[in-house]
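Engineer: Build the full structure now, drawing on both the sequences and the hints.
Residue numbers for the sequence shown follow our numbering, beginning at 1 and rising by one.
Check each hint, because a few of them may be wrong.
Said to hold, decoys possible - Dumping the calculated DSS-like pairs for lysine-lysine here, alpha-carbon to alpha-carbon at most 27 angstroms: (1) Lys139 with Lys25; (2) Lys25 with Lys147; (3) Lys147 with Lys88; (4) Lys147 with Lys242.
Said to hold, decoys possible - The calculated label-pair distances, taken between Cβ atoms and stated as ranges, are: (5) His58 with Lys88: 17 to 23 angstroms; (6) Ile178 with Ser38: 31 to 37 angstroms; (7) Val136 with Trp244: 47 to 53 angstroms; (8) Asp215 with Arg70: 36 to 42 angstroms; (9) Met1 with His58: 17 to 23 angstroms; (10) Leu60 with Asp137: 18 to 24 angstroms; (11) Val136 with Pro27: 27 to 33 angstroms; (12) Arg239 with Glu57: 20 to 26 angstroms; (13) Phe190 with Lys25: 44 to 50 angstroms; (14) Pro230 with Ser46: 23 to 29 angstroms; (15) Ser46 with Asn188: 19 to 25 angstroms; (16) Tyr201 with Gly248: 47 to 53 angstroms; (17) Ala121 with Arg70: 52 to 58 angstroms; (18) Gly198 with Arg239: 48 to 54 angstroms.
FYI, nobody ran anything at the bench for these hints, they're computed from the structure. All C-beta atoms, glycine included, are put in the ideal place defined by N, C-alpha and C.
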Amino acid sequence: MEILLTNDDGFFAPGLQTLFEVLAKSPGDTVSIVAPDSQRSASGHSITLFDPLFVTEHPLPGSGRGFAVRGTPSDCVKLAIEGGIVRKPDLIISGINRGRNLGTDVFYSGTVAAAMEGVLAGIPAIAASLASFDFVDFKPAAEWLTKHVASMAARFSTGLLNVNFPGLPGDQWQGVRIVRLGRAVYENVFESRLDPRGRRYFWQGGTLVPETDPDTDLAGIHAGYVTVTPMHSDLTDYRKLKEWQGQGAGLFE
Numbered sequence: 001m002e003i004l005l006t007n008d009d010g011f012f013a014p015g016l017q018t019l020f021e022v023l024a025k026s027p028g029d030t031v032s033i034v035a036p037d038s039q040r041s042a043s044g045h046s047i048t049l050f051d052p053l054f055v056t057e058h059p060l061p062g063s064g065r066g067f068a069v070r071g072t073p074s075d076c077v078k079l080a081i082e083g084g085i086v087r088k089p090d091l092i093i094s095g096i097n098r099g100r101n102l103g104t105d106v107f108y109s110g111t112v113a114a115a116m117e118g119v120l121a122g123i124p125a126i127a128a129s130l131a132s133f134d135f136v137d138f139k140p141a142a143e144w145l146t147k148h149v150a151s152m153a154a155r156f157s158t159g160l161l162n163v164n165f166p167g168l169p170g171d172q173w174q175g176v177r178i179v180r181l182g183r184a185v186y187e188n189v190f191e192s193r194l195d196p197r198g199r200r201y202f203w204q205g206g207t208l209v210p211e212t213d214p215d216t217d218l219a220g221i222h223a224g225y226v227t228v229t230p231m232h233s234d235l236t237d238y239r240k241l242k243e244w245q246g247q248g249a250g251l252f253e
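Structural biologist: See the structure below:
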């Protein structure tokens, strides 16, 4: 199987490099990396249209190839699939991200966007995140993914799986929960400051409001579970679509 690794933390991020080291040991798999050359967190699904995509190759052990791209996570996946710099992948794994990608935060996530870019091209994808900035041992998550990657790809061959790991040693995980996305609601704060030239600017911060619904990824991670959420690219509100279609063509006349 041809596996493409990418992320939004950058080519040399520990999460991506740890996943490569573990996954590359799997017999029969070719693992390549096409990832941003620098930190691109919270870049969403943006792509680069008016600047060149500079590419630097970094040799990898094994038969895969590694490239750092001066672009967004979505740029990297588009380039990998359509630019011919690596063989077309059978599976894309984006991560392992440092920090959670849970609930409605997936709309901002470069990690999830890179995986979704693969789905848009007809390639199954996994977005993987370690839900902590303090616990930085990525190996248990990398080993879990390596163990289950083939079965996940086979069972969900047309979409995206968003997987988040607790920020705990693997032997302290409570198990696995298949859950829906929660609502990541923040109490945002915008702190106003002045730079040395007197220009006003803002720093954005926020505190996450606790999730109360137990059947969500946010609640599952809080309880110490690995959370797996199936996702797809179709944002159509089918309930509203059916309701409005039933009202006929005069709805907006």
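Engineer: Each hint: holds or not?
Structural biologist: Tested hints:
{"no.": "1", "hint": "Lys139 with Lys25", "in the structure": "holds, 13 angstroms"}
{"no.": "2", "hint": "Lys25 with Lys147", "in the structure": "holds, 11 angstroms"}
{"no.": "3", "hint": "Lys147 with Lys88", "in the structure": "holds, 22 angstroms"}
{"no.": "4", "hint": "Lys147 with Lys242", "in the structure": "violated, 41 angstroms"}
{"no.": "5", "hint": "His58 with Lys88: 17 to 23 angstroms", "in the structure": "holds, 20 angstroms"}
{"no.": "6", "hint": "Ile178 with Ser38: 31 to 37 angstroms", "in the structure": "holds, 34 angstroms"}
{"no.": "7", "hint": "Val136 with Trp244: 47 to 53 angstroms", "in the structure": "holds, 48 angstroms"}
{"no.": "8", "hint": "Asp215 with Arg70: 36 to 42 angstroms", "in the structure": "holds, 41 angstroms"}
{"no.": "9", "hint": "Met1 with His58: 17 to 23 angstroms", "in the structure": "holds, 22 angstroms"}
{"no.": "10", "hint": "Leu60 with Asp137: 18 to 24 angstroms", "in the structure": "holds, 22 angstroms"}
{"no.": "11", "hint": "Val136 with Pro27: 27 to 33 angstroms", "in the structure": "holds, 29 angstroms"}
{"no.": "12", "hint": "Arg239 with Glu57: 20 to 26 angstroms", "in the structure": "violated, 48 angstroms"}
{"no.": "13", "hint": "Phe190 with Lys25: 44 to 50 angstroms", "in the structure": "holds, 46 angstroms"}
{"no.": "14", "hint": "Pro230 with Ser46: 23 to 29 angstroms", "in the structure": "holds, 24 angstroms"}
{"no.": "15", "hint": "Ser46 with Asn188: 19 to 25 angstroms", "in the structure": "holds, 21 angstroms"}
{"no.": "16", "hint": "Tyr201 with Gly248: 47 to 53 angstroms", "in the structure": "holds, 51 angstroms"}
{"no.": "17", "hint": "Ala121 with Arg70: 52 to 58 angstroms", "in the structure": "violated, 21 angstroms"}
{"no.": "18", "hint": "Gly198 with Arg239: 48 to 54 angstroms", "in the structure": "holds, 52 angstroms"}
Violation of the numbered hints given earlier is confined to hints 4, 12 and 17; the remaining hints are satisfied by the structure.
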